[in-house]
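Asks: Here's the letter readout for the chains.
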Amino acid sequence: QKEVEQDPGPLSVPEGAIVSLNCTYSNSAFQYFMWYRQYSRKGPELLMYTYSSGNKEDGRFTAQVDKSSKYISLFIRDSQPSDSATYLCATMKTSYDKVIFGPGTSLSVIP
Amino acid sequence: ETGVTQSPTHLIKTRGQQVTLRCSSQSGHNTVSWYQQALGQGPQFIFQYYREEENGRGNFPPRFSGLQFPNYSSELNVNALELDDSALYLCASSQDSSNSPLHFGNGTRLTVT
Numbered sequence: 001q002k003e004v005e006q007d008p009g010p011l012s013v014p015e016g017a018i019v020s021l022n023c024t025y026s027n028s029a030f031q032y033f034m035w036y037r038q039y040s041r042k043g044p045e046l047l048m049y050t051y052s053s054g055n056k057e058d059g060r061f062t063a064q065v066d067k068s069s070k071y072i073s074l075f076i077r078d079s080q081p082s083d084s085a086t087y088l089c090a091t092m093k094t095s096y097d098k099v100i101f102g103p104g105t106s107l108s109v110i111p
Numbered sequence: 112e113t114g115v116t117q118s119p120t121h122l123i124k125t126r127g128q129q130v131t132l133r134c135s136s137q138s139g140h141n142t143v144s145w146y147q148q149a150l151g152q153g154p155q156f157i158f159q160y161y162r163e164e165e166n167g168r169g170n171f172p173p174r175f176s177g178l179q180f181p182n183y184s185s186e187l188n189v190n191a192l193e194l195d196d197s198a199l200y201l202c203a204s205s206q207d208s209s210n211s212p213l214h215f216g217n218g219t220r221l222t223v224t
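Residue numbers (the working numbering), protein chains in the order written: chain H, 1 to 111; chain R, 112 to 224.
The following block holds chain H by itself, in its conformation from the complex (with noise of 0.2 Å):
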């Protein structure tokens, strides 16, 4: 089983939607989780930086971590094309310990 799982996508979404981005991982020793977008032909940018359980929100974006249920989620509210990239979840145990990214899902939002 890998440490974290994502649905590939690639899902495809119009304008304006409400999107939800969801991982699972296996190891209860987690305790940062992130999200980072990847553009194409780009390396990784931080999107949402959270510890522990709970929701943050940072302008359209919201996540949200369920630890009991090992369930991380990021929502996008009022899609924008340019939102369309692969969006990676990633967890570490400590903040001085590897991140372990999930494989990606691959969103694309149309005009």
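Simulated from the structure, these hints should not be mistaken for laboratory data.
Possibly wrong hints are sitting among the right ones.
[Claimed, not checked] Cross-link-like lysine to aspartate or glutamate pairs, in silico, EDC-like; alpha carbons within 16 Å at most:
id	chain 1	residue 1	chain 2	residue 2
1	R	124	R	207
2	H	70	H	3
3	H	98	R	207
4	H	98	H	3
5	H	93	H	15
6	H	98	R	165
Here the structure of chain H is known, so what remains is to put chain R in place on it, guided by the hints.
Replies: Just chain R, lined up with the frame of chain H:
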């Protein structure tokens, strides 16, 4: 503020050859991590360098090695290239061996034929 830069952007090598990839960390960052991203997969941790010493290594064979220089720039060396080494190699910089957060470069696309 200068971001993470990697060179070259693309590289084609033959199986059995050796390759060196280079990375300049973001201004003010003293830690460099290297990741391998195969097509359709997430990045996989290769190793991290902090204060010119290896500070953690992932599940990669010894033919993957690295260096960090006093100016915090770094090299990734891969010997005896195999076809499966074809991937995007990403360098990320951070502060004081922390991974919170990682700042990635745009990678070097390596193709092994």
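Asks: Name the hints, by number, that the structure is in violation of.
Replies: Going through the list in order, the structure violates hints 1, 5 and respects the others.
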